[in-house]
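Q: Listed in order, the protein sequences are those of chains A and B. Just add 240 to wherever you are in the first sequence, counting from 1, and you've got our numbering. Just add 3 to wherever you are in the second sequence, counting from 1, and you've got our numbering.
Hint data in this document are derived by calculation from the structure and do not stem from the laboratory. Some hints here could point you the wrong way.
[Unchecked claim] List time: in silico DSSO-like cross-link candidates among lysine-lysine, alpha-carbon distance up to 27 Å:
1) Lys60/B <-> Lys44/B
2) Lys44/B <-> Lys133/B
3) Lys81/B <-> Lys44/B
4) Lys371/A <-> Lys133/B
5) Lys44/B <-> Lys370/A
6) Lys60/B <-> Lys77/B
Here the structure is a predicted model, which is why all the values come from computation and not from measurement.
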Amino acid sequence: MNQSALPERGLSEEVRRTLERSRAHYPEGEAGRRSLLLEALRLVQEERGWLDAEALEAVAAYLELPLVDVTQVASFYSMYELHPVGRHSISVCTNLSCHLCGGEELLAALEQRLGIRCGETTADGRFTLKKEEECLAACCAAPVLMIDHQYHERVRVEDVDRILESYP
Amino acid sequence: MSDQVRIEIDGQVFEAPRGSMVMQIADQHGIYIPRFCYHDKLSIAANCRMCLVEVEKAPKPLPACATPVSDGMKVYTKSPRALAAQKATMEFLLINHPLDCPVCDQGGECELQDLALGYGRSHSRYEQRKRVVADEDIGPLVSTDMTRCIYCSRCVRFTAEVAGEPELGIVGRGEHSAVRTALESALTSEVSANVIDLCPVGALNSKPFRFRARSWDMLALPGLALHDGVGSHLHAHTLRGQVMRVVPRENEEINEIWLADRDRFSYLGLERGRQLVPLVREEGELRPAGWDEALDRAAALLAETVRAGGPESVAVLASPSSSLEEGALLSRLADRLGVPGLDHRLWRDSGQVSTFPEPSLGQSVAAFAEPQTFLMVGCYLRHEAPVLNLRVRRSVLGGGCVHALNPCAWPWNYPVRSNPALGLEGLRSALAALLVTAQKLKDGPVPEGVEIEARGSPLDGEMLERMARDLGEGPATILVGETALSHPASETIGTLARLLAEATGARLAVVAPGANARGLHRLGVLPGGDGLRPFTPWAAPVRAHLLFGVQPEYDLLHPGRALAALARGQSVHVTTHLGPQSARHATVVLPLAAGFETPGGWMNLEGRVQDAHASVPPPGEARPGWKILRDLGRLLGGDEASFPDDFAALLELRSPLPPPRSGLPSTPLSTGSVSASRPEGFVLLRTRAPHACDPLLRHAPALQETAIGRRGATIGLNPEDARRLGVSAPHPRIEIRDDGGRRTVVAEVTVDPAVPRGHLHLPVGSPALLEVGTLDGQVVHVHAVADKIEVAAP
């Protein structure tokens, strides 16, 4: 089916407005629309929590891009969620510096505390442990964990409960 | 700076155009560099790394496919360093590739297998488990074994670049990458199966061919694609007298390396539902008969009818894909009987004299790729001639443009400048309005009647002006397609299109359906031999029909009229497949050899005569058409000179073909008023279903299961009309009543935004829509059928 046959639905007024403003920063035509894709996916994800097929279709229709191209991009970056996630997203860095400073132990403690493995969501839908988190670029404060884009530095295992409590 | 550079490859010095890649120059001079992702019909991806070569002064091996030549460059394709790089790549590719060649259909014709022989190690150093990729169902034509995929991305680039329908992508990252569709859906393109040929490994293969034969056991016999007028070249791969699969045969001037899906899979119809023995009707029942008896009955029937009712009482109708030999014999047979009622234009809706010139493209197939303006008049080229449409796509990407005047806003696989959904009446008035605009732009005279025809045109002046300007500037082609040729006012449309071509200097292309419409036109398989005679095959005084390669219940746009006529009179069916209604009415049935089973010549739309041998023998007692027609001709008293025993003699009789005729009649345009008010109800808009437009295609199950096939088995309805009628998913059905209110039929609906409001798009050719097809009248009334709610008994 031709792309134009896809319904343009699902994008909220707010997302549309933001994207219209951003459009000005990108080149005209297809190249610009392609460049806008990352931002569009991020905005939609922030609004909905994760990107379902309908969200991808809506973005594709809005940017006039083939759906498969949108899918390729969305599936490439681990920051885009293609499955339902909890209210809060926890990323534990286990890259070199954090690994040396106890990142693995921190992750194990979190997994035990939450009763889930990496990539899973707690039954109450409160937390998701991000799978495959690479360096969070805060080696000076290893080990680091990030919850909803908020950094927690030099985290010790005994800090975990206190930190989690602040995310209802 | 010169445009040429000198480079050295393996010690040989070549001149090369600046900007070309090392791989291209090596290929031109027969130096083979191994490759997987590089393909000269696709963009350069450089992601397989198999073509790494050593370049002097370069610190690392470079991919030959993506390294531009530069002056003084020295390339070594077989140096120890190049070979080491190539072997390392091969080892990498084989890490996760399964060793299942013995059960892989690609085995024996696999690029990975071939190159592994030259560049692979005899033992793998990799001992870990191999990766497994889940398969996806991408439709009935292409099988997937994605664990075998080496991520060359040829299929991905094909769908985006050539087919113009980006359906496949590499989803995921790194270890988790896989070639997939966006929504786990089937491929929808009309040329989707070309990915089978492009895939260098066994990841994408032909699903209907799966596990049917090994490549080295089959014979590759050259043949032709007979489902449109392009005349694509193909190879039929046969085993023990059966066609096992069909692949494209490279021909740069026609189909390049592509084939439409229907050309590739129509062979599946060779073994299904075939008529295997002659039949004759006796005491109301058809019974098997010998050839001699059946031929005698057929000849006697035709001769008797002419004797009793005069020459007008017999009509001869032939498939537009009949060969030149069959055409020549049909025309002689009609002469022999003295019958003027002869035609191959099964799509025609009216009995008037046609104002269309001989079918042609006005240029070569290849010229369609040159940048120019195309105006599609009642022409959905994507489905009517898929491979030709790929050339138009290339033209558009290279700076050409397309305007479409179609009853429906059918989706194109390239950007079009205009594509309004005009409806049936709107097509005619819009074309007239465009002619008026074109004449006014150049201050030319508007022919009488055109202004009246243009009344009620749904197009605004701005759009018309843009179309007229695009047509007038530079080279342009006006394509008149199936919907125009079968339009109730096709004569008017033909005249308007000709006048528009004259006014704008554009070439006129008449894209008639069938594989041999041009040849049959040239041979005079037309009413009265020249088409200048009104002919209505289904009305009195016709009392007997000779149908050659035609399934009247499916191949005609208005099967209702034909079936009523067949029920009234007598008929001889020379056919590959006997349809259910024909079986009820036929007097004599003669089993016919299909394409692939018969030798012959076919003239494609550009005027090229191409010959093909039979690839396989016909099944049962079926005979090639030329033999059947020859025998009938002889039984009717024809001599050996006109109906020769020998095929070679026939070839001589066929050539040279008569020259094209000139001097066409012009249909007088309206002098009165054209009715602007639309009658109550829905207008039935009939087009041929692209995957069911001849007997062979109709009997190929895989083609019917594709998106195009399924759409062709349902009625198209505009979303707003669907809402208004209360038609709802998942399998919406409607009840259709014809104008007189005599009959009511129920059919499944596809809600399709391309269909204009107030219209029902009826694809003709699928058995699923036979009942709807037989409705009479152009206007029908529609009701939604409520889905039954099953209530369990207490």
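Q: Determine for every hint whether it applies to the structure shown.
A: Okay, the hints, checked on the actual structure:
1. Lys60/B <-> Lys44/B: Answer violated: Lys60/B to Lys44/B is near 31 Å, above 27 Å.
2. Lys44/B <-> Lys133/B: violated (32 Å)
3. Lys81/B <-> Lys44/B: holds (25 Å)
4. Lys371/A <-> Lys133/B: Judged against 27 Å, a Cα distance of about 22 Å means the pair holds.
5. Lys44/B <-> Lys370/A: Distance of about 42 Å is beyond 27 Å: violated.
6. Lys60/B <-> Lys77/B: holds (9 Å)
Going down the numbered hints, you'll see the structure goes against 1, 2 and 5, while the others check out.
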